[in-house]
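Here's the letter readout for the chains.
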Amino acid sequence: MLITRPNHDVTINYLYYWSQYIIKIGKAHKLTVTDVAGSRANKKEIIGIISKTKPSFVCFNGHGDEKTICGYDNEPLIQKKLNESILSDVVVFARTCRSAKELGPSCVKKGTTAYVGYTDDFIFLTEEAKESRPLTDKVAKLFLEPSNDVAISFIKGHSAGQANQRSKDYFKKNIKKLMTSDTPKEDRELIPYLLWDMDHQVCIGNEKAVI
Amino acid sequence: MDKKDRFYKVYNNLPLNLREEVILVINDEPITWKVARLEIDGNTNLSKIILDKLDALKFI
Amino acid sequence: MNTQTSEVTDEEIRKLVVARLHSFPAGRKISIGNDGEFTKDELIKSVEKDDRIGKKIIQVQLSYLQSLKEQRFLEE
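Residue numbers (our numbering), protein chains in the order written: chain L, 1 to 211; chain D, 1001 to 1060; chain R, 2001 to 2076.
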């Protein structure tokens, strides 16, 4: 598997750190994990590695839009009607805003086996005081653990449809916990955003695909 | 089901932790689920406006 | 809010979302994709200005409030 981990702004830096759990589980399951981190998450390097190593699973972290997955410094890596075919026969998890809206379906049309991603902005809350130590941020954890579960489920052998559903179940579990009377009132403010991410996460392509 | 019944159906199943959330602002006054229920229980003039607005917003 | 009519205007919706944002906890930020991270005060300003971020927050809040009648989280 290949995982991209740019870290050029605060938001992306959260994904950079929280993706470490995906890498750890990948290695524990004896997968060859190619971690393309920091400024290495540029187009030349990523396309080169995908072409050379032909990973069965690619996990993208980064910004994006309906037609684009971006890497370090928001350089476009994969763009609709440009180079989706590089992801032919690959299972993709794109933790990027909105790319599942157009790029995802386009990738699948061009041969991507399955594409799990988000059809709108991926939103999460953070604790300001924890920005320099994202892994200690208990608020961000409520969003990024369920999102990580897509990739982790793939690594554990689940299919694309199952990975998507397991992640949504995790979001749902967190939402339900926040709805109970034991939860501090300020934490209920997280619910609309968790629901948003859960509802906009989709699986396109072959739901039975495994990596 | 009329708007009042629909309100109660939503309210009765609303987790306790969410009942103090603001759902409308009327005459610059925030109205929570609980305040809406108070007005609707009392069949006040305001309750009709509340129910109409909640219906228009598709909250009930 | 316009009490004379059952219609709900965009201005009323903005006021509702601003009122809801007042209970957004201090010390937390919302990260919205490419647009960056926002504090409570910045979000309120965005909603009042009705800019892209403001529209997004309104969409998220309305979507959530409309979902409550479906009772999705009470099912097993």
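Please keep in mind that the hints were generated in silico from the structure rather than gathered at the bench. Watch out, some of these pointers could steer you wrong.
Restricting the straight-line Cα-Cα distance to at most 20 Å, the calculated cross-link-like pairs of lysine to any residue (SDA-like) are [said to hold, decoys possible]:
1. L/Lys27 x L/Leu82
2. D/Lys1003 x R/Gln2071
3. L/Lys177 x R/Thr2039
4. L/Lys130 x R/Thr2039
Because the structure is a prediction, the values reported are computed rather than measured.
Task: Pair hint outcome, L/Lys27 versus L/Leu82 [Cα-Cα no greater than 20 Å] - done: violated (32 Å)
- [ ] Starting from L/Lys177, check that the Cα of R/Thr2039 is at most 20 Å away, please.
- [x] violated (24 Å)
Open item on the list: L/Lys130 and R/Thr2039 were given as a pair; does the straight-line alpha-carbon distance stay at or below 20 Å?
Closed with: holds (14 Å)
Task: Pair hint D/Lys1003 and R/Gln2071, alpha-carbon separation not exceeding 20 Å - done: holds (17 Å)
Comparing the model with each numbered hint stated earlier shows that hints 1 and 3 do not hold.
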